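Visitor: In case you want the letters, here they are:
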Amino acid sequence: MIVKRDKLTFWERLYLPALVGGFQVTWRHFSRTLFRGKAVTMEYPEQKWVVPPGYRGAPYLVKDQEDRTKCVSCQLCEFVCPPKAIRITPPGPTGAPGSGNVEKGPKEFEINMLRCIFCGFCQEVCPEEAIFLMKDYSLTGTNRQEMIYNKEKLLSLGGIHQDKIQKWKHKADEAKAQDVFPVPPAK
Amino acid sequence: MHLPPLISLAAWLPDLGHDGNFALLSLIKIVGVVAVLLTMVAYAVLVERKVSAFIQDRVGPNRVALPLIGNIPVLGPFLTRLGIWQPIADGVKSFLKEDFTPNHVRKIYFWLAPAVTMIPAFLTVAVIPFGSNLNGEKMVLADLDVGILYTFGIVSLGVYGIVLAGYAANSKYPFLGGIRSSAQMISYEIAMGLSVIPVFMLVGNLNLSSVISYQADGNWIVFRQPIAFLVFLVAAFAETNRLPFDMPESETELVGGYNTEYSSMKFALFFMGEYANMITSSAMMVTLFWGGWTLPFGGFSEPATTLAGGLAHIGIFLGKVIVFMVFFIWVRWMLPRFRYDQLMDLGWRRFLPLTLANLFVTAVIMWLQAH
Ligand code: SF4
Ligand code: SF4
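These protein sequence lines map, in sequence, to chains A and B.
Quick note on my numbering: the first sequence kicks off at 387 and runs consecutively.
Quick note on my numbering: the second sequence kicks off at 3 and runs consecutively.
Keep in mind the hints are simulated off the structure, nothing from the lab.
Hints are not guaranteed to be accurate.
Said to hold, decoys possible - Computed beta-carbon distance windows for the label pairs:
| no. | chain 1 | residue 1 | chain 2 | residue 2 | range |
| --- | --- | --- | --- | --- | --- |
| 1 | B | Y342 | A | R414 | 24 to 34 Å |
| 2 | B | E255 | A | Y401 | 16 to 26 Å |
| 3 | A | F409 | B | V366 | 34 to 44 Å |
| 4 | B | I30 | A | N529 | 26 to 36 Å |
| 5 | A | E398 | B | D101 | 45 to 55 Å |
| 6 | B | A310 | A | F409 | 32 to 42 Å |
| 7 | B | E255 | A | Q410 | 21 to 31 Å |
| 8 | A | C505 | B | I188 | 33 to 43 Å |
| 9 | B | K95 | A | F421 | 51 to 61 Å |
| 10 | B | G22 | A | F421 | 33 to 43 Å |
| 11 | A | R530 | B | I30 | 54 to 64 Å |
As the structure is a prediction and not an experimental result, all values here were calculated from the model.
Where a beta carbon is used, it is the ideal one built from N, C-alpha and C, also for glycine.
Please model the complete structure; the sequences and the hints are all you need to start from.
Guide: Quick look at the structure:
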């Protein structure tokens, strides 16, 4: 293809208009940045980026409103995780002591943050809504071991999930109701 | 304020005789000039980074803090934000980096090239009068009667470093950079050389000190020879490989050109050489066209008789050089690179005739005035 180029006028060929124009543009930016502090730079550790909703940050475990670990060691997330970043140690036949009525809460739950690709599959697959991708995007550590987050750390970082359905609360209520004798007459 | 002449410094030294005194004073001057030049190189890099940052809406280097000074309440953080300590960090970094020599390079030339680039840049400073006098001592390292010839001789050596680097690297991009550089330098050396001839026709002498005394009282040559100045300015951009004529480097086409294979301190030498060249070019322009250390007002036209006056002259000279440095830097972030053929076209088909015409016209006018 032949691009048709307009002949430059004498004025344009002098190169002066380009010089003046260039100086105007650069001076505008220069003075705006220097004198009015309009730099676009975000100076990271002091100024932090505001994460938009739906952002996929680090995956953490959550507790429900009654301070119970929601995870039930179904290991679906471990299975689905593409880079195999999750390792779950289930409680075994005896169950984990102190896991409340969530009898299969994991004995250990580790996510290797160096492997995790923040794909969100674990959150997607979890039947218990026990794992969520939060807004942390800058995970740091001084060695590899430090970057493997264990259950305790994941739970403390994840915090409490304000669950509307509260499946286990209802289950507990039902169980309690069954324990009451004689069965109260149906209203 | 009249201080005893600096010679008295020698009073507590063993008597060195005339030659000994000369050697000692020259040594002091050389150390001073090189120290100032290196500091200016370091801070020119900082100014470059800051100016480019501001032009591109960024903030530039503002993190390097010194332990003690950084803790002074207001001043410390302010200096840190200015990036004042950045050159120190840069220097330390280039010393600590691995000095890598690729296997395929031609070793001797590879080692030689950075030095060959750096040395001419420093040698040209020798003839530039950077002040009138201090304690009766002329503020120029070598008051040569062939000043400008010496400068041109040395400046044209600078290209060898780049050509050598391009050849030594033994790979295509540096080689292209080296070729371009030699073509560019040769073309613009001619325009540059021809552009200053009218200056010396006016002055009637090749000594740079007499160029300055000719320009005393605001009789700056730039007002008499604006075309010569413009050509010299553009040629200086080409000679120092600065945008819009940075063909030998042109990062976008040649991945850095002649210095692609270099790392660590060797790369830093090229880098410093470029800035030192800018400083010497600025100093040349100030000396040849903008009155050197003189100012038309405030009685700064005559060589100083006092210490303060001498220092003021040095200050004036440095101030003018800094203005040109900022100009060099600003232009880099303002103009896009010329195409190679445009560069050649400009050098040979525009500037050569222009300078010849300028030379001719000047000669005719001088002849008419003489009769
Ligand atoms: S976000 Fe993806 S990669 Fe990370 S733990 Fe969950 S499933 Fe694995
Ligand atoms: S986090 Fe969810 S998917 Fe993973 S093991 Fe626990 S309950 Fe199952």
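Visitor: If a hint holds in the structure, say so; if it doesn't, say that too.
Guide: The hints, checked one at a time:
1. As the Cβ distance of B/Y342 to A/R414 is approximately 31 Å, the hint placing it in 24 to 34 Å holds.
2. Between B/E255 and A/Y401 the CB atoms are about 22 Å apart, so this pair conforms to the stated range of 16 to 26 Å.
3. A hinted range of 34 to 44 Å for the beta carbons of A/F409 and B/V366 is consistent with their spacing of about 35 Å.
4. Between B/I30 and A/N529 the C-beta distance comes to about 54 Å, which lies outside the given range of 26 to 36 Å.
5. The supplied range of 45 to 55 Å is met by A/E398 and B/D101, whose beta-carbon atoms lie about 48 Å from each other.
6. Separated by about 37 Å at the C-beta atoms, B/A310 and A/F409 satisfy the suggested range of 32 to 42 Å.
7. Distance hint for B/E255 and A/Q410: a CB-CB separation of about 28 Å, consistent with the stated range 21 to 31 Å.
8. The hinted range of 33 to 43 Å is not satisfied by A/C505 and B/I188, whose Cβ atoms lie roughly 59 Å apart.
9. Against the hinted window of 51 to 61 Å, the Cβ-Cβ separation of B/K95 and A/F421 comes to about 31 Å, which falls outside the hint.
10. Between B/G22 and A/F421 the beta carbon distance is about 54 Å. The supplied range of 33 to 43 Å is therefore violated.
11. Distance hint check for A/R530 and B/I30: the Cβ-Cβ separation is about 57 Å, which falls inside the suggested range of 54 to 64 Å.
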